[in-house]
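**Student:** Sequence:
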Amino acid sequence: MKRFIPILMMLLLLTGCGAQSSETTYRQISMEKAVTMMEEETEYIILDVRTAEEYSEKHIPGAINIANESIGTEDIPELPDKDQLILVYCRSGNRSKQASEKLVKLGYTNIVEIGGINSWPGETVAGDK
Numbered sequence: 001m002k003r004f005i006p007i008l009m010m011l012l013l014l015t016g017c018g019a020q021s022s023e024t025t026y027r028q029i030s031m032e033k034a035v036t037m038m039e040e041e042t043e044y045i046i047l048d049v050r051t052a053e054e055y056s057e058k059h060i061p062g063a064i065n066i067a068n069e070s071i072g073t074e075d076i077p078e079l080p081d082k083d084q085l086i087l088v089y090c091r092s093g094n095r096s097k098q099a100s101e102k103l104v105k106l107g108y109t110n111i112v113e114i115g116g117i118n119s120w121p122g123e124t125v126a127g128d129k
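With the UniProt record's numbering applied, the sequence shown covers 1 to 129.
Because the hints were derived from the structure by calculation, they are not lab data.
Don't be surprised by glycine CBs; every beta carbon is placed ideally from N, CA and C.
A portion of the hints provided could be inaccurate.
What the hints assert, rightly or not - As a list, the in silico DMTMM-like pairs of lysine to aspartate or glutamate whose alpha-carbon atoms are at most 25 Å apart:
1. K97 - E41
2. K129 - E39
3. K105 - E39
4. K58 - E69
5. K102 - E53
6. K58 - E78
7. K82 - E57
8. K105 - E123
9. K33 - E101
10. K102 - D81
11. K102 - D75
12. K33 - D75
13. K33 - E74
14. K97 - E32
Said to hold, decoys possible - Computed beta-carbon distance windows for the label pairs:
15. E74 - G122: 17 to 25 Å
16. T24 - D128: 28 to 36 Å
17. D75 - T124: 17 to 25 Å
18. D75 - V35: 28 to 36 Å
19. T109 - S70: 29 to 37 Å
20. T24 - S56: 16 to 24 Å
21. S56 - P77: 28 to 36 Å
22. T124 - K33: 14 to 22 Å
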């Protein structure tokens, strides 16, 4: 019986190594590539995951604001289509990565993390809209 335990353990380990993950992930692209994508695509959302105060100071035109800290385990009414292209940014790129991971866990399938507004080559606007 003791001879079979190592064999059984090896089989269990090999079975685990062969499993493939079907988990969706997000893509990361540069701000320059994001600009090109925005010129080529029509149906996308630009998502600013900074605080409301940061968003009000300056943001990418047309972006909606949902703070990273408010993204949790419940569906997000402002993002009803989980297959829609969503371009996610923050100030420097850290919170946008966190938010992108959370969105994927919520079932969003087309998340593109584009970094921080500090690298944004285009114009910005101030205010709440």
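**Student:** Taking the earlier hints as the rules, which of them does this structure contradict?
**Tutor:** Hints 3, 7, 8, 12, 13, 15, 17, 19, 20 and 21 contradicted; others consistent.
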